[in-house]
Amino acid sequence: MAKAVEEREQVIVRFAGDSGDGMQLVGSRFTDATAVIGNDLATMPNFPAEIRAPAGTLAGVSAFQIHFASRDILTPGDAPNVLVAMNPAALKANRDELPRGATIIVNEDAFSRRNLEKAGYTANPLEDGSLSEYRVHRIPMTTLTTRAVERIAEASTRDAGRAKNLFALGVLSWLYGRPVDVTRDWLQAKFGQRPAALAANLAAFNAGWAFGETTELLEVQYRVNPATDVPPGTYRNVNGTQSLAMGLIAASVKSGLPLVLASYPITPASEILHELSKHTALGISTVQAEDEIAAAGMALGAAFGGRLGVTATSGPGMDLKAETIGLAVMLELPMIIVDVQRAGPSTGMPTKTEQSDLLAALHGRHGESPLPVIAPGTPGGCFRAAFDAVSIAVRYRTPVILLSDGFLATSSEPWLIPDVASLPAIDPAFATDVDPEEPFLPYSRDAKLARPWAIPGTPGLAHRIGGIEKADGTGNISYDGHNHERMTELRAAKIAGIAHELPALAVDADPDATLLVIGWGSSEGAIRAGVRMARLDGLRVARAHLEHLNPWPSNLGDVLRSFDRVLVPEMNTGQLAQLLRARFLVDVESFTKVKGQPLFAAEIQQQIAERVGAAGTSSGALLAGVDLAGADR
Amino acid sequence: MSATETTGNGGEVVLTKADFQSDQETRWCPGCGDYAILSAVQQFMPEIGIPPERIVFITGIGCAGRFAYYMDTYGMHSIHGRAPAIATGLATARDDLSIWVVTGDGDSLSIGGNHLIHALRRNIPVNILLFNNQIYGLTKGQASPTSEVGKITKSTPFGVADHPFNPLALAIGAEATFVARTLDRDRRHMTEVLRAAALHQGTSLVEIYQNCPVFNDGAFFGLTEKETKDAHQIRLVAGEPIRFGIDGARGVAMRSDGALEIVSVAERGEEALLVHDPTRNDPGLAFALAKLSSDPTGPTPIGVFRDVQRPVYGRTATTPDAASDHQLAALLHSSDTWTVGG
Numbered sequence: 001m002a003k004a005v006e007e008r009e010q011v012i013v014r015f016a017g018d019s020g021d022g023m024q025l026v027g028s029r030f031t032d033a034t035a036v037i038g039n040d041l042a043t044m045p046n047f048p049a050e051i052r053a054p055a056g057t058l059a060g061v062s063a064f065q066i067h068f069a070s071r072d073i074l075t076p077g078d079a080p081n082v083l084v085a086m087n088p089a090a091l092k093a094n095r096d097e098l099p100r101g102a103t104i105i106v107n108e109d110a111f112s113r114r115n116l117e118k119a120g121y122t123a124n125p126l127e128d129g130s131l132s133e134y135r136v137h138r139i140p141m142t143t144l145t146t147r148a149v150e151r152i153a154e155a156s157t158r159d160a161g162r163a164k165n166l167f168a169l170g171v172l173s174w175l176y177g178r179p180v181d182v183t184r185d186w187l188q189a190k191f192g193q194r195p196a197a198l199a200a201n202l203a204a205f206n207a208g209w210a211f212g213e214t215t216e217l218l219e220v221q222y223r224v225n226p227a228t229d230v231p232p233g234t235y236r237n238v239n240g241t242q243s244l245a246m247g248l249i250a251a252s253v254k255s256g257l258p259l260v261l262a263s264y265p266i267t268p269a270s271e272i273l274h275e276l277s278k279h280t281a282l283g284i285s286t287v288q289a290e291d292e293i294a295a296a297g298m299a300l301g302a303a304f305g306g307r308l309g310v311t312a313t314s315g316p317g318m319d320l321k322a323e324t325i326g327l328a329v330m331l332e333l334p335m336i337i338v339d340v341q342r343a344g345p346s347t348g349m350p351t352k353t354e355q356s357d358l359l360a361a362l363h364g365r366h367g368e369s370p371l372p373v374i375a376p377g378t379p380g381g382c383f384r385a386a387f388d389a390v391s392i393a394v395r396y397r398t399p400v401i402l403l404s405d406g407f408l409a410t411s412s413e414p415w416l417i418p419d420v421a422s423l424p425a426i427d428p429a430f431a432t433d434v435d436p437e438e439p440f441l442p443y444s445r446d447a448k449l450a451r452p453w454a455i456p457g458t459p460g461l462a463h464r465i466g467g468i469e470k471a472d473g474t475g476n477i478s479y480d481g482h483n484h485e486r487m488t489e490l491r492a493a494k495i496a497g498i499a500h501e502l503p504a505l506a507v508d509a510d511p512d513a514t515l516l517v518i519g520w521g522s523s524e525g526a527i528r529a530g531v532r533m534a535r536l537d538g539l540r541v542a543r544a545h546l547e548h549l550n551p552w553p554s555n556l557g558d559v560l561r562s563f564d565r566v567l568v569p570e571m572n573t574g575q576l577a578q579l580l581r582a583r584f585l586v587d588v589e590s591f592t593k594v595k596g597q598p599l600f601a602a603e604i605q606q607q608i609a610e611r612v613g614a615a616g617t618s619s620g621a622l623l624a625g626v627d628l629a630g631a632d633r
Numbered sequence: 001m002s003a004t005e006t007t008g009n010g011g012e013v014v015l016t017k018a019d020f021q022s023d024q025e026t027r028w029c030p031g032c033g034d035y036a037i038l039s040a041v042q043q044f045m046p047e048i049g050i051p052p053e054r055i056v057f058i059t060g061i062g063c064a065g066r067f068a069y070y071m072d073t074y075g076m077h078s079i080h081g082r083a084p085a086i087a088t089g090l091a092t093a094r095d096d097l098s099i100w101v102v103t104g105d106g107d108s109l110s111i112g113g114n115h116l117i118h119a120l121r122r123n124i125p126v127n128i129l130l131f132n133n134q135i136y137g138l139t140k141g142q143a144s145p146t147s148e149v150g151k152i153t154k155s156t157p158f159g160v161a162d163h164p165f166n167p168l169a170l171a172i173g174a175e176a177t178f179v180a181r182t183l184d185r186d187r188r189h190m191t192e193v194l195r196a197a198a199l200h201q202g203t204s205l206v207e208i209y210q211n212c213p214v215f216n217d218g219a220f221f222g223l224t225e226k227e228t229k230d231a232h233q234i235r236l237v238a239g240e241p242i243r244f245g246i247d248g249a250r251g252v253a254m255r256s257d258g259a260l261e262i263v264s265v266a267e268r269g270e271e272a273l274l275v276h277d278p279t280r281n282d283p284g285l286a287f288a289l290a291k292l293s294s295d296p297t298g299p300t301p302i303g304v305f306r307d308v309q310r311p312v313y314g315r316t317a318t319t320p321d322a323a324s325d326h327q328l329a330a331l332l333h334s335s336d337t338w339t340v341g342g
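So the protein lines, in turn, are chains G and D. Anchor point for the first sequence: position 519 equals 519 in this note's numbering, and the numbering is continuous, going up by one each time. Anchor point for the second sequence: position 5 equals 5 in this note's numbering, and the numbering is continuous, going up by one each time.
Source of the hints: derived by calculation from the structure; they are not laboratory data. Treat the hints loosely; a few may be bogus.
[Unchecked claim] Among chain D residues calculated to face chain G with C-beta under 8 angstroms, some are:
{"no.": "1", "residue": "GLN24"}
{"no.": "2", "residue": "THR26"}
{"no.": "3", "residue": "SER110"}
{"no.": "4", "residue": "GLY113"}
{"no.": "5", "residue": "ALA253"}
{"no.": "6", "residue": "SER256"}
{"no.": "7", "residue": "GLY258"}
{"no.": "8", "residue": "LEU260"}
{"no.": "9", "residue": "ALA329"}
[What the hints assert, rightly or not] Quick list of the computed label-pair ranges, beta carbon to beta carbon:
{"no.": "10", "chain 1": "D", "residue 1": "LEU199", "chain 2": "G", "residue 2": "GLY192", "range": "45 to 51 angstroms"}
{"no.": "11", "chain 1": "G", "residue 1": "SER112", "chain 2": "D", "residue 2": "ASP321", "range": "44 to 50 angstroms"}
{"no.": "12", "chain 1": "G", "residue 1": "HIS363", "chain 2": "D", "residue 2": "GLU261", "range": "45 to 51 angstroms"}
{"no.": "13", "chain 1": "G", "residue 1": "ILE51", "chain 2": "D", "residue 2": "PHE158", "range": "47 to 53 angstroms"}
{"no.": "14", "chain 1": "G", "residue 1": "VAL434", "chain 2": "D", "residue 2": "ARG187", "range": "44 to 50 angstroms"}
{"no.": "15", "chain 1": "D", "residue 1": "ASP321", "chain 2": "G", "residue 2": "GLU438", "range": "29 to 35 angstroms"}
{"no.": "16", "chain 1": "D", "residue 1": "THR26", "chain 2": "G", "residue 2": "PHE430", "range": "54 to 60 angstroms"}
{"no.": "17", "chain 1": "G", "residue 1": "VAL434", "chain 2": "D", "residue 2": "ASP321", "range": "21 to 27 angstroms"}
Glycine included, C-beta positions come from ideal geometry on N, C-alpha and C.
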């Protein structure tokens with residue numbers, strides 16, 4: 001008998017298990033199948049820094065959250081309404097975030113006394129009534145997977161043990177009507193060379209699907225229709241790392257500058273090195289440098305040679321690269337420095353996100369050394385931000401810092417693939433003309449105050465550059481104080497002048513809004529979603545988001561001054577707020593969070609309600625957390 | 001990067017030393033060994049047959065760092081210790097340039113030690129000239145990583161306590177493919193060594209003993225001055241027995257335990273002497289030769305210690321041009337896609 005099918009507008013599923021349970025794999029497979037359906041989606045992995053933390057413990061829990069919907073959504077969701085828990089630790093680590101009425105699907109087999117103890121449970125939560133607020137489905141996943149895999153002659157018990165994540169994927173795929181061929185094709189491609197593993201995984205996946213179809217435990221199948229309120233075009237799913245890498249490659253193509261990436265392994269930026277190192281056929285060279293300093297030096301050396309020099313790192317690496325970035329400021333050569341921010345200081349929490357390198361990016365070098373800083377707002381937005389960073393770097397002959405973060409790098413969403421022909425050309429405008437009457441002036445300037453870029457190999461333009469202060473025009477060594485002041489001003493004016501070509505800051509404002517919410521970088525989705533929720537509560541609010549942190553859009557001061565109150569949510573302790581106060585003398589209010597997690601839409605909604613809500617009533621309701629799971633509705 | 005690869009001026013224009021002299025006034029102290037090295041390099045450069053615009057000098061910080069400003073080629077005076085890293089980036093980006101790094105003992109062996117050993121292990125196509133004066137000159141006289149134990153300097157009023165690096169032994173330990181030593185006061189020898197370095201495929205490291213007349217005057221006089229040089233210079237010549245001293249009375253032989261020792265030719269006979277072979281793949285003998293002297297005041301080998309072939313960094317991976325729009329579009333679509341109607 002066919003089961004009832006119910007429609008859902010949006011669902012948030014979190015897969016959680018031990019870090020050896022393959023939860024990231026299951027999450028990404030579920031995501032691909034969801035993308036192919038055409039749901040809008042947003043994902044967020046959350047994993048421990050240790051490769052294999054002790055099995056079964058809270059420290060070892062790895063999770064992957066996906067929010068998918070039949071309409072436009074903005075964030076991976078604050079809290080899940082479905083939790084898949086592969087062991088007691090996964091249940092314990094995630095339970096507090098579940099709203100009442102949420103669905104919990106557990107691998108019942110994993111709730112042994114030993115595993116319960118490792119997770120710190122004194123009683124089995126499946127038995128003691130502590131989960132009565134939730135709908136709990138107990139599925140003996142290990143047993144059912146083993147039974148399915150046993151039938152395959154070549155498969156070992158080890159194959160069976162490893163395949164239970166595919167069983168869970170099969171159950172969830174049935175529950176939400178995800179297409180099976182996407183997963184089967186992927187398994188075929190992944191395990192094609194290992195028939196036993198392929199057969200075991202396929203059997204587990206099929207068994208999970210069949211279980212969903214036949215068991216009386218799951219009485220309803222859900223349908224989430226394709227999202228139709230998104231712009232037409234061809235989409236793919238990308239995370240911020242992929243999109244940033246593709247943006248750099250696109251800029252390389254559109255500038256004709258082969259890309260040289262030099263990096264030293266560091267979480268969470270290594271993925272950029274992994275991604276770009278695959279594409280040697282696209283004119284990309286990658287170097288795994290001996291250290292962070294060398295990586296920056298290599299990128300700068302490549303830039304001197306007329307290439308697109310890029311280095312990617314995270315906070316600790318930024319500290320080490322500072323001197324080389326300062327040299328790039330002095331040499332006035334294009335260079336891209338990607339900082340995938342993580343929780344600091346020092347080693348901090350390498351796999352957890354934060355936006356705490358803003359002040360370091362702007363000011364973390366000795367001397368007066370201004371440079372452009374760009375921070376993309378969404379995973380898909382990393383493409384354009386990277387492209388724009390290269391365009392500015394090349395045309396203004398300056399290093400540019402691109403501030404991504406751990407959340408953007410690993411979070412994914414559908415991305416409207418741009419038409420390559422529509423991307424603007426970037427003209428490196430190498431200096432090649434020799435004037436037989438006049439010596440070449442490597443520090444002469446064009447209307448944008450950019451200097452000529454004459455690369456080695458160009459006859460007649462051989463010249464020397466270096467870190468010592470330059471004489472204006474000739475670039476010769478100069479210790480003259482007046483010249484130094486002039487050069488300091490020229491370097492600053494060049495960067496400030498970039499503002500002329502930046503789009504004005506757009507403000508999305510309700511009529512009569514008195515409160516402006518302004519953020520920067522990766523919190524864009526959460527802030528937009530929080531504002532959307534506040535508006536559904538009838539509150540009037542304005543919203544703006546900064547992608548360019550230096551220079552700022554020219555109208556920023558006017559925007560800030562046209563509202564009674566300005567709220568600045570950030571994943572740091574108020575760095576943008578401090579800058580806005582200092583620069584514009586506007587009494588902005590900070591909302592900050594440094595918990596290693598992105599901002600939540602409900603938190604933004606609450607902050608807005610506290611400021612413009614009706615005598616705190618709506619915030620009171622929100623604090624009860626009734627609608628947490630419906631965040632970003 | 002060598003003369004054998006060049007096309008350059010096509011023989012139409014004969015370059016001279018003057019073509020490599022920039023218009024900048026040299027500002028080293030009077031009597032500095034750097035002047036002699038600069039002059040020798042400028043004199044030698046036309047020989048490699050590469051036009052000045054395809055030659056790049058990258059330097060670090062220190063007195064030697066100023067070298068880039070005085071060569072009429074492309075040049076970058078960079079950051080303390082980082083020149084080998086910057087040169088690696090340039091060499092990765094461009095295989096049509098002759099790239100030279102000029103560095104000092106503090107620059108390359110102290111603050112930049114990591115970059116030096118990694119450039120050597122990678123075998124990047126770069127020539128590294130290491131001016132060793134066993135002192136920090138630009139910062140006015142502190143001990144360097146090659147200063148001898150016991151030396152009194154501004155930073156070591158009770159004498160240097162740290163054991164010094166032997167730059168050539170370090171380089172050979174990092175499996176450098178070309179390692180040589182020469183002297184600022186012997187232009188002819190320096191030119192021969194530079195020629196061999198320029199011909200080498202991969203990284204060449206040339207240590208140049210360089211006199212600092214202000215803070216460490218005479219450190220190498222035992223090797224460079226008329227009274228002592230014949231007795232102390234052990235000139236390494238490929239294919240020849242290693243013999244030196246007045247009338248070639250002394251030589252280098254291997255002991256039964258494998259260590260090298262200085263012997264009297266009259267006592268041991270010429271057949272006991274080690275025949276120099278810089279192309280020997282095993283670095284053991286070159287290392288032992290580098291360790292033969294711990295101090296340039298006694299008998300010290302100069303010349304090419306090691307010159308072997310190993311794959312050159314970046315020459316196996318191709319660096320083609322930037323990709324086309326078509327390739328870019330293929331990349332952007334290289335995943336499951338779906339279309340939303342419009």
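Results of checking the hints against the structure:
| no. | hint | result |
| --- | --- | --- |
| 1 | GLN24 | holds, 7 angstroms |
| 2 | THR26 | violated, 12 angstroms |
| 3 | SER110 | violated, 14 angstroms |
| 4 | GLY113 | violated, 10 angstroms |
| 5 | ALA253 | violated, 39 angstroms |
| 6 | SER256 | violated, 40 angstroms |
| 7 | GLY258 | violated, 32 angstroms |
| 8 | LEU260 | violated, 32 angstroms |
| 9 | ALA329 | holds, 4 angstroms |
| 10 | LEU199/D - GLY192/G: 45 to 51 angstroms | holds, 50 angstroms |
| 11 | SER112/G - ASP321/D: 44 to 50 angstroms | violated, 60 angstroms |
| 12 | HIS363/G - GLU261/D: 45 to 51 angstroms | violated, 60 angstroms |
| 13 | ILE51/G - PHE158/D: 47 to 53 angstroms | holds, 49 angstroms |
| 14 | VAL434/G - ARG187/D: 44 to 50 angstroms | violated, 33 angstroms |
| 15 | ASP321/D - GLU438/G: 29 to 35 angstroms | holds, 32 angstroms |
| 16 | THR26/D - PHE430/G: 54 to 60 angstroms | violated, 30 angstroms |
| 17 | VAL434/G - ASP321/D: 21 to 27 angstroms | holds, 25 angstroms |
Against the hints set out earlier in the document, violations occur for numbers 2, 3, 4, 5, 6, 7, 8, 11, 12, 14 and 16.
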